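Participant: For reference, the chains in residue letters:
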Amino acid sequence: MKRISKYSLYELAAPLLGFAASMVILLAIVVVVGENPGKAVTAIWKMTFSSPARAATLLSMSIPLFLAGLAVALAFRASIFNIGVEGQYFMGALTGAMAGIYLHLPAWLHIPVVVICAMAGGMLWALVPALLKVGRGIHEVITTIMFNSIALALVNWLVNGPLSGVEGASLEAQTKHIQPTAVFQKLNAGFRALGWDVPDFVYLDYSLIVAVVIGLVTWFVLFRLRAGFELRAVGTSTDVSLYAGIKVKQVQLGAFLASGAIAGLIGLQEVFAIRGFYTYEIASGLGLDGIAIALIGRNSPLGVVFSAFLFAFLKQAGYGLQIYTRVPNSVIYVITGVMILFIVVTNELIAKYIRALRKKEAV
Amino acid sequence: MDLNIVLDYLLKGLEISAPIGFAALGGVFSEKSGVTNIALEGIMIVTTFGIVWGSIMFGSIWLGLLFAVLLGVIVAAIHALVTVTYKVDQIISGTAINILALGLGRFLSQNVFGQETQTAMNPFAFPQIRGMNSFALALIPVAILSWFVLQKTVFGLRLRSVGENPESADTLGVNVTLMRYAGVIISGVMCGLAAGVLYPSRWVSGMTGGRGFIALAAMIFGRWSPIGAVLAAMLFGYADTARIMFESQIPIPSQFVQMFPYVLAVVVLAGFVGKARGPAAAGRPYVKGED
Numbered sequence: 001m002k003r004i005s006k007y008s009l010y011e012l013a014a015p016l017l018g019f020a021a022s023m024v025i026l027l028a029i030v031v032v033v034g035e036n037p038g039k040a041v042t043a044i045w046k047m048t049f050s051s052p053a054r055a056a057t058l059l060s061m062s063i064p065l066f067l068a069g070l071a072v073a074l075a076f077r078a079s080i081f082n083i084g085v086e087g088q089y090f091m092g093a094l095t096g097a098m099a100g101i102y103l104h105l106p107a108w109l110h111i112p113v114v115v116i117c118a119m120a121g122g123m124l125w126a127l128v129p130a131l132l133k134v135g136r137g138i139h140e141v142i143t144t145i146m147f148n149s150i151a152l153a154l155v156n157w158l159v160n161g162p163l164s165g166v167e168g169a170s171l172e173a174q175t176k177h178i179q180p181t182a183v184f185q186k187l188n189a190g191f192r193a194l195g196w197d198v199p200d201f202v203y204l205d206y207s208l209i210v211a212v213v214i215g216l217v218t219w220f221v222l223f224r225l226r227a228g229f230e231l232r233a234v235g236t237s238t239d240v241s242l243y244a245g246i247k248v249k250q251v252q253l254g255a256f257l258a259s260g261a262i263a264g265l266i267g268l269q270e271v272f273a274i275r276g277f278y279t280y281e282i283a284s285g286l287g288l289d290g291i292a293i294a295l296i297g298r299n300s301p302l303g304v305v306f307s308a309f310l311f312a313f314l315k316q317a318g319y320g321l322q323i324y325t326r327v328p329n330s331v332i333y334v335i336t337g338v339m340i341l342f343i344v345v346t347n348e349l350i351a352k353y354i355r356a357l358r359k360k361e362a363v
Numbered sequence: 001m002d003l004n005i006v007l008d009y010l011l012k013g014l015e016i017s018a019p020i021g022f023a024a025l026g027g028v029f030s031e032k033s034g035v036t037n038i039a040l041e042g043i044m045i046v047t048t049f050g051i052v053w054g055s056i057m058f059g060s061i062w063l064g065l066l067f068a069v070l071l072g073v074i075v076a077a078i079h080a081l082v083t084v085t086y087k088v089d090q091i092i093s094g095t096a097i098n099i100l101a102l103g104l105g106r107f108l109s110q111n112v113f114g115q116e117t118q119t120a121m122n123p124f125a126f127p128q129i130r131g132m133n134s135f136a137l138a139l140i141p142v143a144i145l146s147w148f149v150l151q152k153t154v155f156g157l158r159l160r161s162v163g164e165n166p167e168s169a170d171t172l173g174v175n176v177t178l179m180r181y182a183g184v185i186i187s188g189v190m191c192g193l194a195a196g197v198l199y200p201s202r203w204v205s206g207m208t209g210g211r212g213f214i215a216l217a218a219m220i221f222g223r224w225s226p227i228g229a230v231l232a233a234m235l236f237g238y239a240d241t242a243r244i245m246f247e248s249q250i251p252i253p254s255q256f257v258q259m260f261p262y263v264l265a266v267v268v269l270a271g272f273v274g275k276a277r278g279p280a281a282a283g284r285p286y287v288k289g290e291d
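The listed protein sequences derive, respectively, from chains A and B.
Number 195 in this note's numbering belongs to position 195 of the first sequence; there are no gaps in the numbering.
Number 240 in this note's numbering belongs to position 240 of the second sequence; there are no gaps in the numbering.
Worth double-checking, as some hints may not be accurate.
Under the rule of at most 20 Å between Cα atoms (straight-line distance), these lysine-lysine pairs were calculated in the PhoX-like manner [as the list claims (entries may be wrong)]:
hint	chain 1	residue 1	chain 2	residue 2
1	A	LYS352	B	LYS87
2	A	LYS352	B	LYS152
3	A	LYS359	B	LYS288
4	B	LYS288	B	LYS152
Non-contacting residues of chain A with respect to chain B, defined by C-beta distances greater than 10 Å in every case (computed) [claimed, not checked]:
hint	residue
5	PRO180
6	LEU242
7	GLN316
Pairwise CB distance ranges, derived in the manner of DEER restraints [claimed, not checked]:
hint	chain 1	residue 1	chain 2	residue 2	range
8	A	VAL41	B	PHE58	49 to 57 Å
9	A	ARG136	B	GLU247	30 to 38 Å
10	B	GLY114	A	LEU187	37 to 45 Å
11	B	ARG284	A	VAL240	13 to 21 Å
12	B	GLN128	A	SER51	31 to 39 Å
13	A	ASP239	B	GLY271	20 to 28 Å
14	A	PHE49	B	GLN249	53 to 61 Å
15	B	PRO127	A	LEU17	46 to 54 Å
16	A	GLY135	B	MET207	35 to 43 Å
17	B	ILE250	A	LYS352	29 to 37 Å
18	B	ALA125	A	GLY38	25 to 33 Å
19	B	PHE155	A	GLY135	48 to 56 Å
20	B	GLU247	A	ASP239	51 to 59 Å
Calculated from the structure, these hints are not laboratory results.
Keep in mind it's a predicted model, so treat the numbers as computed, not measured.
We treat Cβ as the ideally placed atom computed from N, Cα and C, and that holds for glycine.
Please work from the sequences and hints to get the whole structure.
Facilitator: Take a look at the structure:
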């Protein structure tokens, strides 16, 4: 164990270097576009930390990002590449919305029920790729990519057809409104009581509680329970795990389904707090973001907290640049892609360096 | 049935199938060499932008196509560099490139054309046949050529060998790195050709619309063979064309036609219609002297 901790500093180096490099590239792009870097930094500052409201917005934005990152990370830990988070998120959000629209329950019961239904929806959408993976050894990457596209078309059909609730006013296809008992209330007043001046237009709602609870539970299961130990063992080496008597397939199935369940929660904030109905137009690309967030957070729940916040920061920085400078918002995607490539390549180089160091020590 | 409608359907269907077919061929070359390429979508975002930009810059659709191919090669080479030289997970690299390309297309559009979501009109185009972009016809010779290269040449044999068993290939003196670079870079060329058919009149953000992923489905449904992949692409393309041309007469909701390729790919992968097996070493970086 000691040897691992000795090298853990090196492992932290990659994400930090990656972030630093991406910021340098961002500023370089700003200069190339012919914009003043000082102006760009001011623009980013204005949109991110210039006021308590801006900081609260970052926290609000990081809720779905955290859940997306956690879903990918948990599967990663068991050597499962869940590219299907996007589809599981759509299906989970829709299933949750159905429970919010068609069930009539008191609020104290309705809220937990919609959360559970959202998890079930996400989990069900992960079920077929998960079974194909453990049952027939079919690589999950391609099946989940296919399931994402199927989910997109299916949801499109459902909200335009059987579940459509358009009442003439809106152009986009959407469901009926969610029952008032299932609407996620804001916690802003609570934050204000604690001295953080969160204005009413920021969404810090029940989904924040859900994210915190899910994060803690995931951490506890991963690092304090036998199931989590087995999951991590499978992620380190399936061969060794098999040899140690761990039921690798069961563990991978469990991790895949749990990942899908967490993915099902990503849309809670948008559907239950912000919009109050489900639409085909809910934020897309969160599955892709989740992969990036998990990679940068090194697949640990705590790491994902930081990288989700980093992503919220990057997104807001992009809007800031868009509004106050001539640098378009899309530069953030370029930076994100570069950052991931930089981090994974640096990881490989560092791993190589550590192997060389160890060899030297062994001699 | 009216003969004109049949002819229109055949031509329109080829035009819609061709980008998927070219990209699927790219997927076949890359995967046959042992590198999974889920970045086809991202590469096509860049090449479709490239053909419009290049045509306007150089004043010719052919030079535009060449430029698109060049950009496709550059982006594919990044994937090769990261996965073959640095041995990073191929899916992670592909994901990163997809994210990067998403931003790059819009970023370039903003800086070159002053608009983030679309470029100016491209006044240059390939000749049309009854409204069909004639470049779509190139798919057929390119597919046959791909089959010939992969199955009948020494290069093809070597490329396939590093995707099946890089250790043995290496022992026999095949340069694994070089062959894998070749496979990935050819996929970049194919994505460039795909851009030649995919609306060269103007680049619009999001216009690739997941065709890179349908191409992966076509590659699988075609069982990693060039002819099979192109036939699969045509199956998907013609089904989609039927949806577009006869939507009002077809009782099935259009979304189910959209789902069709993906469902079929999963069914094939699941092994319900015969056995589907990709190249054995696809997805696995080759590290010399390990194991």
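Participant: Would the hint linking LYS359/A and LYS288/B be met if the CA-CA limit is 20 Å?
Facilitator: Given pair LYS359/A, LYS288/B holds - Cα atoms ~17 Å apart, limit 20 Å.
Participant: Given a hint of 53 to 61 Å, does the C-beta separation of PHE49/A and GLN249/B actually sit inside it?
Facilitator: About 58 Å separates the Cβ atoms of PHE49/A and GLN249/B, which means 53 to 61 Å holds.
Participant: Taking only the CA atoms, is the gap from LYS352/A to LYS87/B under or equal to 20 Å?
Facilitator: 11 Å, holds
Participant: Would you say the C-beta atoms of ILE250/B and LYS352/A sit inside 29 to 37 Å of each other?
Facilitator: 56 Å, violated
Participant: Does the Cβ-Cβ separation between GLN128/B and SER51/A fall within 31 to 39 Å?
Facilitator: 56 Å, violated
Participant: Does the beta carbon distance between ASP239/A and GLY271/B stay inside 20 to 28 Å, or does it fall outside?
Facilitator: Distance hint for ASP239/A, GLY271/B holds at roughly 24 Å.
Participant: Could you check the hint for me, namely that GLY114/B and LEU187/A are 37 to 45 Å apart, CB to CB?
Facilitator: 43 Å, holds
Participant: Does the no-contact call for GLN316/A survive, Cβ to all of chain B over 10 Å?
Facilitator: The assertion about GLN316/A holds, with a minimum of 16 Å to chain B.
Participant: Verify this label for me: PRO180/A is non-interface relative to chain B, using a Cβ-Cβ cutoff of 10 Å.
Facilitator: 31 Å, holds
Participant: Using the beta carbons of GLY135/A and MET207/B, state whether their distance is inside 35 to 43 Å or not.
Facilitator: 38 Å, holds
Participant: Could one say that the CB atoms of VAL41/A and PHE58/B fall in the range 49 to 57 Å?
Facilitator: Given about 38 Å between the Cβ atoms, the range is violated.
Participant: Verify the CB-CB distance for ARG284/B and VAL240/A against the hinted window 13 to 21 Å.
Facilitator: 18 Å, holds
Checked against the numbered hints given earlier, the structure breaks hints 2, 4, 8, 12, 17, 18, 19 and satisfies all the rest.
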